[in-house]
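Student: Okay, so the sequence shown: first residue is 1 according to the working numbering, each after it adds one.
No lab work stands behind these hints, which were simulated from the structure alone.
Model, not experiment: these values are computed from the prediction.
Be aware that a few hints might be false.
Pair by pair, the computed Cβ-Cβ distance ranges are [as the list claims (entries may be wrong)]:
1. ARG30 <-> ALA170: 29 to 37 Å
2. ALA191 <-> GLY24: 50 to 58 Å
3. VAL188 <-> ARG8: 34 to 42 Å
Glycine is no exception: its CB is placed at the ideal position from the N, C-alpha and C atoms.
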Amino acid sequence: MGQDEGVREEDAELIAAVHAAQEGDECAFRTVYRAVQPRLLCYVRTLVGEPDAQDVTSEAWLQIARDLERFSGNAIRFRGWAARTARNRALDHLRMRDRRPAIGGDERELADKPADMDTAREALEALGTGRTLRLIAQLPQDQAEAVVLRVVVGLDAKSAAEVLGKRPGAVRTAAHWGLRTLAELLNVEGAG
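Turn these sequences into a full structure, and let the hints guide you.
Tutor: And the structure:
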């Protein structure tokens with residue numbers, strides 16, 4: 001079985017679980033959560049940083065559960081919808097955090113820190129590593145979000161653009177430059 005066939009099978013299983021969860025099947029909702037959560041959490045880390053990512057992602061899942069019955073579309077649209085929900089929760093969190101007095105340091109710098117990835121294949125292999133997150137954190141925010149949405153979350157350019165409120169071409173360009181920068185960072189790291 002080729003990679004495209006595996007992706008299509010994964011998408012078919014995801015959307016079947018989404019439909020069952022919409023009908024109230026709790027086991028199906030757990031399946032949806034397990035299929036989407038790791039990638040969603042990585043995306044949220046690019047927005048808010050490590051200390052708050054779990055909480056923000058949990059808030060996003062509460063919103064997803066509340067609004068699930070209104071969702072319609074395929075697996076890619078679901079991943080995009082979930083990412084957009086998580087992004088909205090993350091931006092709300094950042095706005096609230098900026099209103100609170102800073103204790104110890106300037107927390108806004110975390111908002112500019114993305115995660116870390118090399119090429120698409122290496123990024124998925126290194127998804128859970130701190131090294132990958134440190135590399136993505138070095139990218140400009142727009143590139144980091146584009147890379148994570150395209151490579152980790154698995155969205156196409158159109159779906160990622162909807163999440164970010166940008167044109168698909170802008171997302172493709174940001175992802176291209178982000179992956180290129182990550183490749184350079186890996187080369188520098190490997191030479192050091």
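Student: Each hint: holds or not?
Tutor: For each hint, the structure was consulted:
no., hint, in the structure
1, ARG30 <-> ALA170: 29 to 37 Å, "36 Å, holds"
2, ALA191 <-> GLY24: 50 to 58 Å, "55 Å, holds"
3, VAL188 <-> ARG8: 34 to 42 Å, "37 Å, holds"
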